[in-house]
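Participant: What follows is the residue order along each chain.
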Amino acid sequence: MPDATLVIRGGTVIGPEGSARLDVAVRADTVVALAETIEPPQGAVILDATGCLVGPGLVDLHAHLRQPGREEAETIETGARAAALGGYTAIVAMPNTEPAIDSAGVAGEVLALGAGCTAEVAVAGAITVGRAGTALAPLGELAALGVTLFTDDGAGVQDGALMRRALDYAKGLGVTLAQHCEDTCLAAGGAMHEGSWSSRLGIPGMPAAAEEAMVARDISLARLTGAPVHFLHLSTAGSVELVRRAKAEGLPVTAEAAPHHMLLTHAAVAGYDPVFRVNPPLRTDEDVVAVVTGLCDGTIDAVATDHAPHAPESKDVPFDQAPAGMLGLQTALPVAWEVLSPHMGPERVFALMSAQPAAIAKLTATDPRTAGHSAQGGPVEVGAVANLCVFDPAAVTVVDPMRLASRSRNTPYAGRTFAGAVRHTVLRGEPVVVDAVAQR
Amino acid sequence: MTGARHLLSVSDLGADGIAEVLRVAEAFAEVERRSVPKVPTLRGKVVATLFFEESTRTRLSFETAAKRLSADVLSLAVATSSVKKGESLRDTVETVEAMGIDAVIIRHSSAGAPHQVARWVERAHVVNAGDGWHEHPTQALLDCFTVRQVLAERKGVAPDELGIGCFEGLRVLIVGDVRHSRVARSEVLAYTVLGAHVTLAAPGSLLPPSLEGWPVEVATDLDAALGDADVVSLLRLQAERGSGSFVPSLREYTARWGLTARRAQRLGEDAIVTHPGPMVRGVEIASDVADLPRTVVTQQVANGVAVRMAILFLLLGGELPGAAEVPAVA
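If you read the sequences in order, they're chains B and G. Residues in the first sequence are numbered from 1 upward in steps of one, following the numbering used here. Residues in the second sequence are numbered from 1 upward in steps of one, following the numbering used here.
For lysine to any residue, the following SDA-like pairs were computed, each having C-alpha atoms within a straight-line distance of at most 25 Å:
{"hint": "1", "chain 1": "G", "residue 1": "Lys-45", "chain 2": "G", "residue 2": "Ser-35"}
{"hint": "2", "chain 1": "B", "residue 1": "Lys-171", "chain 2": "B", "residue 2": "Ala-248"}
{"hint": "3", "chain 1": "G", "residue 1": "Lys-84", "chain 2": "B", "residue 2": "Asp-316"}
{"hint": "4", "chain 1": "G", "residue 1": "Lys-84", "chain 2": "B", "residue 2": "Ala-311"}
{"hint": "5", "chain 1": "G", "residue 1": "Lys-85", "chain 2": "B", "residue 2": "Gly-69"}
{"hint": "6", "chain 1": "G", "residue 1": "Lys-84", "chain 2": "B", "residue 2": "Ala-324"}
{"hint": "7", "chain 1": "G", "residue 1": "Lys-85", "chain 2": "B", "residue 2": "Val-317"}
{"hint": "8", "chain 1": "G", "residue 1": "Lys-85", "chain 2": "B", "residue 2": "Gln-321"}
{"hint": "9", "chain 1": "G", "residue 1": "Lys-85", "chain 2": "B", "residue 2": "Glu-72"}
{"hint": "10", "chain 1": "G", "residue 1": "Lys-84", "chain 2": "B", "residue 2": "Pro-312"}
{"hint": "11", "chain 1": "G", "residue 1": "Lys-85", "chain 2": "B", "residue 2": "Pro-312"}
{"hint": "12", "chain 1": "G", "residue 1": "Lys-84", "chain 2": "B", "residue 2": "Gln-321"}
{"hint": "13", "chain 1": "G", "residue 1": "Lys-84", "chain 2": "B", "residue 2": "Glu-72"}
{"hint": "14", "chain 1": "G", "residue 1": "Lys-85", "chain 2": "B", "residue 2": "Glu-71"}
{"hint": "15", "chain 1": "G", "residue 1": "Lys-85", "chain 2": "B", "residue 2": "Pro-323"}
{"hint": "16", "chain 1": "G", "residue 1": "Lys-45", "chain 2": "G", "residue 2": "Thr-56"}
{"hint": "17", "chain 1": "G", "residue 1": "Lys-84", "chain 2": "B", "residue 2": "Ser-314"}
{"hint": "18", "chain 1": "G", "residue 1": "Lys-85", "chain 2": "B", "residue 2": "Asp-316"}
{"hint": "19", "chain 1": "G", "residue 1": "Lys-85", "chain 2": "B", "residue 2": "Ala-311"}
Since the hints were made in silico from the structure, they are not lab data. Treat the numbers as computed from the prediction; the structure is a model and nothing was measured.
Please put together the full structure from these sequences, using the hints given.
Facilitator: This is the structure in structure tokens:
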């Protein structure tokens, strides 16, 4: 392969149908050869991938990058660096910034700040103006910029009639509305899952029913309008079952789950450490099992991080005064690998973290409207854009909050060790992470 | 004796720990009966009270206890402190500790705030004086102390002679707003670890959402439950926590769950009525019932000082035993 600029040697390439021991040659931003042995030409960058899985770059449907407005917690640049270190080559920036991403102006600013970062940054727009839940945001104006996902995430659209109108309006635009399912009346004042632990700890709880009521409502609205609905961060067994039945019925619904809802339970709150305050809250053992089962049986389409940085001082307060949210981008794949790999092959783990989320966000093909975005989600094949994640299942991820790329420290996994580690990340042919070190 | 460094929860004590608190408190109750009710036990020690929530009896009780032990008392009035300028709880605590404080007594509207303070301090001892809906350990301890005192008096023996055996099989009925009550959570832990049978009596909306792991029974009919109770612990309906909307009206609450004069006739001859205060006469307790000899509210207040002296002494001048057994409600 005389004109390759980058050769990844010794890895096992993850394909949708199976995996094979292949070297990968990249020229500029494109995969140009896959072969058992590729001799790198003089001057080519060589990445050792012995024993590693070489999959498509991961795609996150759910990242809070905090810019504009909360740059003390995260910037688009630092969030994208955390993403790259986590194996992500594309992330969808959530619109609950200050101001919210509810206009072409703010969306354009975020896209411009994302251009040139170590992961591609797409934007989710708000469904309602200011995420206030009262008036529709200019979905068409945002869709014209290439925005394909809309959500008021951080809150659900409480007014069912408004949500119904938004779905009707969105149908002609070819976009998907995503819901943070939480009935604010039922959840009012809650700071953790309502159950045995909240009752013991004296912390006001939010019942599972607060999530499930809105999942049920929006399934009805998907049936009524025929418009697609994506369910963000499902966290309860009841929600998973509702989505399972909606899919069996053939309704156009998709769903995601966050790594922390696949691993942690409300028992983590026992020490009142606000790092474990997150929304939706950490639930019961049964809920964790249901979320994992949903990922295994196809009810849940994607692992999405809900990466939610908060500045250290904002989490160093009493539990119920702390903002909800935890870091996720840099630990998602090791956590998902630990939880899911006993149940499924690496092809399906990568599908849940790359191809399927890329399809939900419509990032699988280059969109001329979103300047600089390349085709995401794989497959890794000749002619594809070289967006790659090289994961070493034999390595170990040790989570040290002080060494994360995020501006914030609020990881729930401080001091924990996970089997498997992201080794290299390649963005459009550029090795942005080499041996777990960000290159810029 | 393995000492617990802080008193954050009744579960920090265990049955042996409670027994020791009660024993030491008896000794300090004797001090209180002296003409000069003061001992030099904690001379040179500094105790700070940090009350981020309003309080009358608990704050005065702790400060009186500290002064009777000859400790110096610093009292942070939150309304006039740097908290109003936006200083965080952590910085406030670290600032206070930097002044050489030996113990921090904290009340906060957030459950778990004392646990966090305990992680932030370097050497000070932390005492939970009430955190949100979570716990109010010294209240439960003084309730146990008072109940034992009454039982001992009736038997004509010294309370110490009863040990903690007098709680074995004791039937305790906790009535009212359990959901929002830190007193109830601490009482459940204390009474059950001492071997008492605890029953909660409340409308469903005022019970905790889950009682999984609570070694208690639930009574849905107060009238039926009253006759069996040796101790009735009445809780205040906490209107300031929004519990007003948990019942249709105060009138209906009083009618169904208040200890009215008529309902009080169902009580056994020896039944003891406790209330952590402040009482709302006419709501959870009729005024006439509040003034009956069986209602020991003022004794509870008086005993609060001795019990808090015991806690401060055991934390600062000695050691509290660790939890001998961890109760189910941890």
